[in-house]
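Based on the sequences and whatever the hints tell you, model everything.
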Amino acid sequence: MNAPNSKLILVLGSGGVGKTSVSAALGLALADKGFRCVVITIDPAKRLAQALGLEALSNDPQRVYESADSNPANKGSLDALWLDSKSAFTDLVRRQISNPDLAQKILDNRLFKIIQEQLGGIEEYLSVDRLLRLGSSGDYDICILDTPPSRHALDFIESPRHLLKFFDDSILKIFLKEEDENPKGFFSKIFSGTKGQALEIFKKFLGGKFMNELQTLLAQTRPVHESLRRTASLVEKWVQQDSSYSVLVSLAEQYPTQEAKLLSKELISHGMHKADILVINRCLPPELPQDTSKIEKLLGSASFQQLKEQHQTQNEIIQSVEKDIQNYAQNSARLPRFSNSNMNLSTLSHL
Amino acid sequence: MTGKGGVGKSTFAASLTQALSESDQGPVLLIEIQGSGRSLEFLGVEDHFRYESQAVPEMKNTWASRIMPRPAFKQYFELLLAMGNHDSAFAQLTSSIRTRLVDTVLENKVVSAFVDVCPGLEPAALLGKVHWECTDGTVPEHDTPWKHVVVDAPSTGHAIMLFRSTQALVDVFGSGVVFKQASEIMNLMRDTERTQLYILSTPEELPLKEASDLASTLKDIGLPSPHFVLNRRKPPLENKLQSEETQTLLGEITAEWAREIKLEMERSEDEANLLQDFLTRESREKFDLSLPELSYPSKEKHILVEACQKEFVNK
Numbered sequence: 001m002n003a004p005n006s007k008l009i010l011v012l013g014s015g016g017v018g019k020t021s022v023s024a025a026l027g028l029a030l031a032d033k034g035f036r037c038v039v040i041t042i043d044p045a046k047r048l049a050q051a052l053g054l055e056a057l058s059n060d061p062q063r064v065y066e067s068a069d070s071n072p073a074n075k076g077s078l079d080a081l082w083l084d085s086k087s088a089f090t091d092l093v094r095r096q097i098s099n100p101d102l103a104q105k106i107l108d109n110r111l112f113k114i115i116q117e118q119l120g121g122i123e124e125y126l127s128v129d130r131l132l133r134l135g136s137s138g139d140y141d142i143c144i145l146d147t148p149p150s151r152h153a154l155d156f157i158e159s160p161r162h163l164l165k166f167f168d169d170s171i172l173k174i175f176l177k178e179e180d181e182n183p184k185g186f187f188s189k190i191f192s193g194t195k196g197q198a199l200e201i202f203k204k205f206l207g208g209k210f211m212n213e214l215q216t217l218l219a220q221t222r223p224v225h226e227s228l229r230r231t232a233s234l235v236e237k238w239v240q241q242d243s244s245y246s247v248l249v250s251l252a253e254q255y256p257t258q259e260a261k262l263l264s265k266e267l268i269s270h271g272m273h274k275a276d277i278l279v280i281n282r283c284l285p286p287e288l289p290q291d292t293s294k295i296e297k298l299l300g301s302a303s304f305q306q307l308k309e310q311h312q313t314q315n316e317i318i319q320s321v322e323k324d325i326q327n328y329a330q331n332s333a334r335l336p337r338f339s340n341s342n343m344n345l346s347t348l349s350h351l
Numbered sequence: 001m002t003g004k005g006g007v008g009k010s011t012f013a014a015s016l017t018q019a020l021s022e023s024d025q026g027p028v029l030l031i032e033i034q035g036s037g038r039s040l041e042f043l044g045v046e047d048h049f050r051y052e053s054q055a056v057p058e059m060k061n062t063w064a065s066r067i068m069p070r071p072a073f074k075q076y077f078e079l080l081l082a083m084g085n086h087d088s089a090f091a092q093l094t095s096s097i098r099t100r101l102v103d104t105v106l107e108n109k110v111v112s113a114f115v116d117v118c119p120g121l122e123p124a125a126l127l128g129k130v131h132w133e134c135t136d137g138t139v140p141e142h143d144t145p146w147k148h149v150v151v152d153a154p155s156t157g158h159a160i161m162l163f164r165s166t167q168a169l170v171d172v173f174g175s176g177v178v179f180k181q182a183s184e185i186m187n188l189m190r191d192t193e194r195t196q197l198y199i200l201s202t203p204e205e206l207p208l209k210e211a212s213d214l215a216s217t218l219k220d221i222g223l224p225s226p227h228f229v230l231n232r233r234k235p236p237l238e239n240k241l242q243s244e245e246t247q248t249l250l251g252e253i254t255a256e257w258a259r260e261i262k263l264e265m266e267r268s269e270d271e272a273n274l275l276q277d278f279l280t281r282e283s284r285e286k287f288d289l290s291l292p293e294l295s296y297p298s299k300e301k302h303i304l305v306e307a308c309q310k311e312f313v314n315k
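Top to bottom, those sequences are chains P and X.
So for the first sequence, my numbering puts the first residue at 1; every next one is plus one.
So for the second sequence, my numbering puts the first residue at 1; every next one is plus one.
Heads up, some of the hints might be wrong.
Said to hold, decoys possible - Residues from chain X that keep clear of chain P, each with C-beta distances beyond 10 angstroms, as calculated: (1) G6; (2) E107; (3) D191; (4) T202.
What the hints assert, rightly or not - Only some residues are given here: those of chain P computed to face chain X with a beta carbon under 8 angstroms: (5) P100; (6) L102; (7) A103; (8) A302; (9) S341.
The hints are simulated quantities; they were obtained by calculation from the structure and are not laboratory data.
Idealized CB from N, CA, C, for every residue including glycine.
What follows is the structure, encoded as structure tokens:
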């Protein structure tokens, strides 16, 4: 795999703030400016997937939109990819391990099944792998990553290293190396201070059966190490480039804005520049009308009360965020709410 | 409690903790697994990133702690070493020497890197700590065991992984101390007399879908049937967009607010449908608990606490 030459846009935010719709809307806007874009998403809401014409999971991008420019050289487009992480993982193993019997053995290994779940980085890793392949394919000017939901929004950047750490020879080979000498007394070993003895105790603790299974798995998966290492360094370099952008998505609510602030710190700690923009999604209009009686009549008193409170909270939160914007991003923008039940490309274009 | 990220698990966990505390049945411990410290923050624990249990201010008999993989693993390792070596000298060592020994082993660079990546160990240690608090844990500096342990678990995917990996350790090890400990954890989780699972959701498409998927995965792992808690329910609003009166009124307000009203009515109708679909799918008549939308959860927590009292604690 070559270093990617597309520009990268990361769309980040806590769960439920509308990352996927913002990613798609951004893609449409850029396509209209003549860029060839692709959006990568992991778990879109059904209607959004339908709006984007994504009928099913696929590991290939689907064409969503083409701009109207008559000159093909200026024609922008948007593709979308709904990553199927389950099948993609199997694909990945099969692609890396050329011997099909061996690939099957790995997929069947019980420890491997735990790894798939525990490392938790698998989905992230797969999106990184796919992202890099799209970014270096030459087919796209801009790749937009709708970051996968995870414990930490930037886990995906570390996911190749995380996997690598598991497979890394330097750690595990030492650990699994057969000891020549017979272990002596339990206590003499502990307090004698040599490294091998601490290891010995730990190995005893895990037991022979477990160590054997692990050893087998590591031997089988050796061919993937090099490719993991390369993926790790490519994605790290890519996100740190000046021409990579990040969009924080939040709502005008207490917790999502707190999350956005934390995310902005995480970006810096990953060697990236400050987030380019904080998008405050699903905002009500800034001012209530002078006379609210008609709105109250339309909504009924309970819902009107709720709306009024929500409006007030929203304005307080937006005000405090905008005052403190240097701790979030270089700029902020508000986006209106839009119809969820009537979602289609034109709703997204409007956004 | 678990559910999709962002549905309000921590707020709910803290509210239930407070409700249990106020019911005065005995000591309560809130554990946040690898969380952001939010449930502790909600209870007013100032140093909410500290690992050790802390007394919750202004609450009787209530403690809170965050558990993180590293310290949890250390405790788990020490516990298992003692379990596996009853007849050996290890069990007879003074606790300070034991701790030194465990430190020596775990500080080894190779061991430490191994623990980070070795499959199954982290989840078993995290759930192991929960299990330990439930079976052997006591109020700090007292010997009173906990009456209730409330666990603010990670969101869906990671929560499933905790259970599945622990089960996988049972399968892979087959015998020995790790096997024994992992089996005990799973037995506790499956014991309907002692363990209650709560799945939280908001009235939105993806959280409801995740709640259903999660419930069916938990069933596959053999865990008890969960309670469903609906969070952030807005007051019901009838979609009257077809009526002439509505259309007239909409014409008399600004276009931007007319649009909002329309969206609000559509959203409410949509929400009702999503909830109905969910209940049908789960063969339930209603949610076990329905909590209202709050503008500032931290300022209005009494509403949530009272709801928990009424629906869970008193029952």
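- [ ] Tell me, in ascending order, the numbers of any earlier hints that this structure violates.
- [x] 1, 2, 4, 5, 6 and 7
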